[in-house]
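**Student:** For reference, the chains in residue letters:
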Amino acid sequence: MSAIAVSTTINGDEVEFLCQAEETLLDVLRERLGLTGAKEGCGTGDCGACSVMVDGRLVCACLVLGAEAEGRSIETIEGMANGDELHPLQTKFLEHAALQCGVCTPGFLVAAKALLDANPDPTEEEIRFWLAGNLCRCTGYDKIVRAVQDAAQELRGS
Amino acid sequence: MSVAKSLPHDAAPLHVTGTARYVDDIPLPANTLHLAFGLSEVAHGEIVSVDLDAVWAAPGVITVLTAADLPHENDVSPAPLPEPMLAVDTVHYVGQPIFLVVATSHLAARKAAKLGRIDIKPLPALFSVDEAMAADSRFEDGPRIYSKGDAAQAISQSPHILEGSIEMGGQEHFYLEGQAAAAMPQEGGDMIVYSSTQHPTEIQHKVAHALGTHMNAVRVETRRMGGGFGGKESQGNALAVSCAVAASITGKPCKMRYDRDDDMIITGKRHDFRIDYRVGFDDEGRISGVEFLQLCRCGWSIDLSLPVADRAMLHADNAYAIPNMRVESHRLKTNTQSATAYRGFGGPQGMLGIERVLDHVAHAIGRDPMEVRRLNYYRDMGDTGPGTGQRFGGKHSPNAEDIGPETTHYGMPVEDFVLHGMTEALVEKSDYFRRKAAVSEWNASHATLKKGIALSPVKFGISFTLTHLNQAGALVHVYQDGSIHMNHGGTEMGQGLFQKVAQVAAARFGVGAEQVKITATDTAKVPNTSATAASSGSDLNGMAVQAACDTIRARLASFVAERAGTDPADVRFEDGAVHVGNQALPFEDVVSDAYLARISLSSTGFYATPKVAWDRIKGEGRPFFYFSYGVAVTEVVVDTLTGENRILRADILHDCGASLNPAIDIGQIEGGYVQGAGWLTTEELIWDSEGRLRTHAPSTYKIPACSDRPDIFNVSLWDGENREKTVYRSKAVGEPPFMLGISAHCALSDAVAACGAGYPDLNAPATAEEVLASIGRARS
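These protein sequence lines map, in sequence, to chains Z and F. One point on numbering: in the working numbering, the residue at position 130 of the first sequence is 130, and numbering is uninterrupted. One point on numbering: in the working numbering, the residue at position 435 of the second sequence is 1435, and numbering is uninterrupted.
No lab work stands behind these hints, which were simulated from the structure alone. Some clues are possibly wrong.
To spell it out: a stretch of chain F is covered by chain Z in this simulated footprint if at least three of its residues, at any positions, have a beta carbon under 8 Å from a beta carbon of chain Z; those stretches are [what the hints assert, rightly or not]: (1) 1006-1019; (2) 1485-1498; (3) 1687-1701.
In silico SDA-like links for lysine to any residue, alpha-carbon gap of 25 Å or less [as the list claims (entries may be wrong)]: (4) K1111/F <-> T91/Z; (5) K1252/F <-> E31/Z; (6) K1111/F <-> R146/Z; (7) K1111/F <-> Q20/Z; (8) K1429/F <-> R146/Z; (9) K1252/F <-> P1059/F; (10) K1114/F <-> T44/Z; (11) K1517/F <-> R146/Z; (12) K1111/F <-> S2/Z.
We put the CB at the ideal spot given by N, CA and C, even for glycine.
Produce the complete structure using the sequences and hints provided.
**Tutor:** Laid out in structure tokens, this is it:
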């Protein structure tokens, strides 16, 4: 089967790749482009470990085909920091010890950023329910919620 | 000093940028092959024929292996009894690997693995503990029995007698990173294996046997796991061995990772149990005798079931001094996944059994279960006063010094009991009495939503019960520039072990933790290690690293002391400097001078836990070095029309001794509690009548989500230190907090009890369906 040529933008960089029709965006990111920050936790869109943004929309990369990236703008965890300067969400996850094994962390950060981009001042309950699509087996979530609250406050400059 | 500081997890900067490498993220050569297992679709049967033509013909397939094609041993068991990696003649559960596909991609291997045509003649299959008991299908000759006094007589002479039974489900580990391994063939038949495992030495051992070589030809490296929880103690063996064998046959790197569904279908889970009990007690609720019958469903292979079932027996007392006790444990062999290690390792099941008894007794006499629990606690022992963990002057421990410690049903004295003080402190901190009254008031005035509140304690034994496993090694180098390279046998699965141990190393040299390089667990650096399990990681490896550091430190101290004409004992390592006389020499300078003076700056370290000695057949001795303690209060609300329920608030006080890193320890406590509450509420494993697991993905198997987190979640550490000489007097923290989740189950029972006069008899997991059923029982 012939491969599909795809032109897309990933974390602001123009990227071209070839992929098979059945390859998911997650496979392409991990296997072809070496962006292994997004993880396959379930492969069925239930755990959120592969969360990325496609044209500003939060998606599970395991449910999107690589070919669907054509002409779109993809954002992954690898693009969240500005060089060595961490995004406030990343800093707050460090400060609040909001991670343990770390597999869910990239997905949580991408999802949390999507929330704060759309709603800079979410309630605690809004945070908890927005992040309910991201599973974490280690932390019990408390520190994650606190880190997001703290980051939101910092981003608002209050 | 770098210990007792809340420093971030060492890999946190990598995690938040998505650059931390797990096995599946390690860049491998382009010619790497990928593996998948072909699985049994029958729970029990004889393999009549295996037709793999379609598998061979599938795109990308390089080779296909059955048991007969394996060059050497076909065994991935962590126990003395064998466990075939690929089925031979007979299959024993739905999901058992029968053949191994080696292909050019992960997807090609998985697709091809579906194409095997296996003709299996079905045999009668055993699924439940009752079926297994009836068929006498078990591991070991008969039940194990641990006892103290005469329980039957004590019960018969008691004013009150109760009988009951509780079923408790198993639990899928649901480590976010599934099982994974990769193997790189080397010259001369040597093999390097990358494995997501809690037990690199066992991987090394199993791979060596599978390749027909010695352990010295196999090197296993584990930088980190994406969660383990016991599920990577033995369940990674099959993947690592498969990769090594395929790499050996093809001469190419091989990688295998389970898709989530395969992972859940193939690998073992927490043992489900049914525990029957009979208890005798007085009007106050003081228990004089208990008999337990523990029926433990082990699945098809022995794996770690014997020590798991032992530990369930060893925690059948939890925090209670019960003068007469008998625990009978049956380890039943069924045609299901081979149940395996899971955080608590049987302890949670045994503990839930006795907590159910306390709940039932309190219900029968109409007392607050918290008071009945306290009444039956072991006596507080040891010193009192500030810093000992007994803030209340031992006022709940009358004449403890005169009477001596009480002993458990396996003859171990309980010398470090601190739950009286902890309970009193948490009752106060959580405002227990006022909230208990408020819950009663709510329930009196609300018909649909009922609330419940409960306190439950944890006393968890720390040490491997297989005594020889309580050893650890370390390797520490100090380089010429003063930087430190640390290695030990413990593995990092997210629990923060590496960070905690690095803080120990830094403290020994008096430098900052950032000066210590944390390195991947590697069987070539530290050999013959035990699994990172039994909560022992920091205790064992912290001490081994401390020993290695102290050896180097002593050499440095002698060197500078001789130069300054003083005693080495007067040399101190603090604040990045070596203090001798009035001088503070920069650590780096001392190291560089020592190198020039030809002093060895590298050392191994070793530690063996003292005091432990245990006879598991007789059930006598001291299996544990010490106990870790905790206490939790949980408040819940139940919708009596649907059985739906939520945790409203959780308050926890936990004993980590003198914590090596409070932030990391609190993380373990929070995560442990939520995981424990998940086990007992939403996490339900369902097998159908053919033995097929129907809950094999997060779509159907529900671990707690962010929205399930308690609205109010207060966690604090008990201010005390370990009375035993552990590393900086800290205590193990990995497993104990898991069992704090039992308070959620007890709180649900309390809420359901508000629906009627009957005892709720709440089983676990207390799903909405089970809660609804128990409401029916309370009302009947």
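**Student:** Run every hint past the structure and note whether it holds.
**Tutor:** Hint by hint, here is what the structure shows:
A count of 12 residues in the stretch 1006-1019 of chain F with a Cβ less than 8 Å from any Cβ of chain Z is obtained; the coverage claim is therefore met, three being the minimum. Coverage of a stretch by a chain is defined here by at least three residues with a beta carbon nearer than 8 Å to that chain's beta carbons; for the stretch 1485-1498 of chain F and chain Z the count is 4, and the condition holds. Only residues whose C-beta sits within less than 8 Å of a C-beta in chain Z count toward coverage, and the stretch 1687-1701 of chain F has 3 of them, enough to reach three; the restraint holds. The hinted pair formed by K1111/F and T91/Z fails the criterion: a straight-line CA distance of about 42 Å is larger than 25 Å.
Pair hint K1252/F plus E31/Z holds up; C-alpha atoms about 18 Å apart against a cutoff of 25 Å. A hinted pair counts as satisfied when its Cα atoms are at most 25 Å apart, and K1111/F with R146/Z does not qualify at roughly 43 Å. At roughly 15 Å between alpha-carbon atoms, K1111/F and Q20/Z fall within 25 Å of each other, so this suggested pair holds. As the CA atoms of K1429/F and R146/Z are separated by approximately 22 Å, the hinted pair is consistent with the 25 Å bound.
For the suggested pair K1252/F and P1059/F, the alpha carbons sit about 18 Å apart, so the restraint of at most 25 Å is met. Between K1114/F and T44/Z the alpha-carbon distance is near 19 Å, which keeps this suggested pair within the 25 Å criterion. Annotation: proposed proximity of K1517/F to R146/Z is violated, straight-line Cα distance about 30 Å (limit 25 Å). With a C-alpha separation of about 19 Å, the suggested pairing of K1111/F with S2/Z holds against the 25 Å cut-off.
When each numbered hint is compared with the structure, violations occur for hints 4, 6 and 11.
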